Amino acid sequence: MTGGDRPFDPFAAPGALTPAGAAPIVRLLGIHKYFGSNHVLRGCTLEVYPSETICIIGRSGSGKSTLLRCANFLEEPSSGTVEIDAIRVDADPLHSRSRHHREQIRQLRMRAQMVFQEFNLFPHLRVIDNLIEAPVRVKGVPRAQAIATAEKFLDKVGLRDKRDEFPGRLSGGQKQRVAIARALTMEPKVLLFDEPTSALDPTLVGEVLTVMEELAHEGATMLVVTHEMAFAKEAADRVYFIEEGEFAEAGPPEQVIDAPRDERTQRFLARFTKLT
Amino acid sequence: MADAMARQPGTDPFGLAPNAIVGQIAQSRRRARVRFTLLFVLTWLVLVGGLGLLIASSGRVHPDFIAEYTPFFLGGIPLTIFVSVASIFFAVFFALIGALGRISVIAPVYATATLYVSLVRGTPLIVQIFFIYAALPQFGIVLPALVAGVFALSFNYGAYMTEIFRAGIQAIPRGQLEAASALGMTDWQRMRRIILPQAIRIVIPAIGNEFIAMIKDSALVSFVALQELFWRTRTVGSAQFRSFETLIFAAVVYWVLTIIFSLFQERLEKQMAESDRRL
Numbered sequence: 252m253t254g255g256d257r258p259f260d261p262f263a264a265p266g267a268l269t270p271a272g273a274a275p276i277v278r279l280l281g282i283h284k285y286f287g288s289n290h291v292l293r294g295c296t297l298e299v300y301p302s303e304t305i306c307i308i309g310r311s312g313s314g315k316s317t318l319l320r321c322a323n324f325l326e327e328p329s330s331g332t333v334e335i336d337a338i339r340v341d342a343d344p345l346h347s348r349s350r351h352h353r354e355q356i357r358q359l360r361m362r363a364q365m366v367f368q369e370f371n372l373f374p375h376l377r378v379i380d381n382l383i384e385a386p387v388r389v390k391g392v393p394r395a396q397a398i399a400t401a402e403k404f405l406d407k408v409g410l411r412d413k414r415d416e417f418p419g420r421l422s423g424g425q426k427q428r429v430a431i432a433r434a435l436t437m438e439p440k441v442l443l444f445d446e447p448t449s450a451l452d453p454t455l456v457g458e459v460l461t462v463m464e465e466l467a468h469e470g471a472t473m474l475v476v477t478h479e480m481a482f483a484k485e486a487a488d489r490v491y492f493i494e495e496g497e498f499a500e501a502g503p504p505e506q507v508i509d510a511p512r513d514e515r516t517q518r519f520l521a522r523f524t525k526l527t
Numbered sequence: 121m122a123d124a125m126a127r128q129p130g131t132d133p134f135g136l137a138p139n140a141i142v143g144q145i146a147q148s149r150r151r152a153r154v155r156f157t158l159l160f161v162l163t164w165l166v167l168v169g170g171l172g173l174l175i176a177s178s179g180r181v182h183p184d185f186i187a188e189y190t191p192f193f194l195g196g197i198p199l200t201i202f203v204s205v206a207s208i209f210f211a212v213f214f215a216l217i218g219a220l221g222r223i224s225v226i227a228p229v230y231a232t233a234t235l236y237v238s239l240v241r242g243t244p245l246i247v248q249i250f251f252i253y254a255a256l257p258q259f260g261i262v263l264p265a266l267v268a269g270v271f272a273l274s275f276n277y278g279a280y281m282t283e284i285f286r287a288g289i290q291a292i293p294r295g296q297l298e299a300a301s302a303l304g305m306t307d308w309q310r311m312r313r314i315i316l317p318q319a320i321r322i323v324i325p326a327i328g329n330e331f332i333a334m335i336k337d338s339a340l341v342s343f344v345a346l347q348e349l350f351w352r353t354r355t356v357g358s359a360q361f362r363s364f365e366t367l368i369f370a371a372v373v374y375w376v377l378t379i380i381f382s383l384f385q386e387r388l389e390k391q392m393a394e395s396d397r398r399l
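Chains as they are written, first to last, in our numbering: chain A, 252 to 527; chain B, 121 to 399.
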């Protein structure tokens with residue numbers, strides 16, 4: 252499977268839904284990140300093929316969220332390269348404010364929409380306006396068309412009737428589903444989920460995971476940082492286990508979660524099953 | 121056992137039905153609230169009434185004089201309110217620009233905004249008013265009194281409100297910025313569409329406070345010969361050697377005006393708190 256011009260990646264293997272011979276749509280190459288002198292990411296390389304769902308698991312503080320935030324440059328990596336849908340951006344922390352660099356990052360972000368742990372809906376805008384804000388302002392989609400698209404995705408997450416509510420009136424689970432719909436309206440090449448159920452009341456986790464599973468099975472390309480092992484098992488094509496800023500193990504969920512080979516993965520999962 | 125106790129009133133602390141005690145507590149709280157309000161009103165009546173009697177018994181208040189000039193004095197209120205409203209309007213404009221400057225990462229922009237705030241807050245308002253009205257004409261810049269007065273007040277208040285606006289902008293959670301960035305919005309779109317609308321909601325109560333302060337400070341524009349409330353009372357008072365009555369008159373009118381706008385503001389804040397429940 253490894254093409255000639257692709258860098259060495261011991262873990263890459265397209266998922267079942269990926270068309271044969273497809274090239275990766277997301278590449279994180281050698282991502283390093285320092286916070287001060289704290290070396291948080293130590294050279295992470297990861298490729299996502301079209302229609303794949305990839306879960307990144309690991310302890311708190313292992314760097315998994317930071318890695319995801321590096322993928323759309325909410326954190327500028329200290330070094331490394333991100334490539335999404337042929338937009339290739341090299342980390343350039345010394346010139347992070349330069350006009351060219353920022354425009355590159357913006358192009359990247361339009362192709363990789365993020366769903367946050369804390370939802371981050373815009374509280375002053377109604378649900379429908381939350382959804383059309385970016386398509387209209389950023390992509391220049393005509394308003395009527397943006398509304399039609401937004402309503403389609405609200406249907407998809409089952410919240411069409413909340414169209415004219417303000418976010419504050421929604422439950423946590425509903426907020427997160429709206430946030431997913433908002434990400435979808437930008438029609439991204441990949442969805443980045445940053446612990447999307449961690450801020451939710453346990454009774455509300457299910458409705459969000461159901462939406463995510465549907466998306467995964469419909470062939471959306473997803474990169475998911477999560478603690479939900481059941482979701483990873485059910486929806487992921489591949490699972491990456493990250494420890495101290497490095498991938499310790501990667502592979503299909505049956506391997507990484509059910510029969511981990513790496514000792515660190517085993518220790519993590521042992522503690523995890525004890526906790527849940 | 122519990123049943124036996126319940127049937128013997130006097131030995132059982134819970135002899136009353138729970139509902140009854142809840143009702144009694146609510147009633148006694150209600151009574152305490154009513155008593156407090158009554159005492160409050162009574163104390164005010166005594167104090168204000170006593171003060172009024174003291175003033176009346178001074179023998180310096182001539183009802184005929186007051187009656188004669190009341191229409192003239194009250195005729196200054198529209199200008200007082202107009203100056204205050206216009207000044208707060210332009211002050212918001214100055215404050216918005218000032219606040220954007222104060223959060224700018226571009227050094228000259230930040231420096232200019234900081235200088236504006238420092239200079240204006242560090243010099244007396246009355247000096248600024250006179251400067252614009254009396255010093256600028258030496259350079260051939262002659263502003264009409266109204267323009268000079270409104271400009272001076274709004275420029276001054278804009279500096280104070282710059283810091284209010286800056287705090288409002290910085291109070292918006294980081295996640296809002298991140299979400300807007302992640303959607304691909306530019307810096308300006310983020311500010312204009314996401315941050316400012318939320319920040320302005322936060323600072324509206326503070327703008328209300330500034331407006332009430334502005335009503336009082338608008339008296340200072342009487343020094344540029346704007347014939348608002350204070351100018352009228354001062355002019356008549358000093359011409360007829362009746363400053364005692366006229367100043368008390370002015371004070372009472374300002375007081376009433378600020379009370380009226382405070383009530384407005386209270387209502388506005390209550391409404392906003394209500395609509396904030398949806399946030």
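These are computed hints drawn from the structure, not numbers from a lab.
Heads up, a few of these hints could be off.
Derived DEER-like restraints, expressed as beta-carbon distance ranges [claimed, not checked]:
no.	chain 1	residue 1	chain 2	residue 2	range
1	B	THR306	A	GLN506	41 to 47 Å
2	B	VAL168	A	ARG394	27 to 33 Å
3	A	SER422	B	LEU162	45 to 51 Å
Reference listing, derived: stretches of chain B covered by chain A, where coverage requires no fewer than 3 residues with Cβ under 8 Å from a Cβ of chain A [unchecked claim]:
no.	stretch
4	255 to 267
5	296 to 307
The structure displayed is predicted, hence computed values, not measured ones.
Cβ atoms here follow ideal geometry from the backbone N, Cα and C, with glycine treated the same way.
Now the hints, each set against the structure:
{"no.": "1", "hint": "B:THR306 to A:GLN506: 41 to 47 Å", "in the structure": "43 Å, holds"}
{"no.": "2", "hint": "B:VAL168 to A:ARG394: 27 to 33 Å", "in the structure": "58 Å, violated"}
{"no.": "3", "hint": "A:SER422 to B:LEU162: 45 to 51 Å", "in the structure": "49 Å, holds"}
{"no.": "4", "hint": "255 to 267", "in the structure": "violated (count 0)"}
{"no.": "5", "hint": "296 to 307", "in the structure": "holds (count 10)"}
Taken one by one, the earlier hints fail for this structure at numbers 2 and 4, listed in ascending order.
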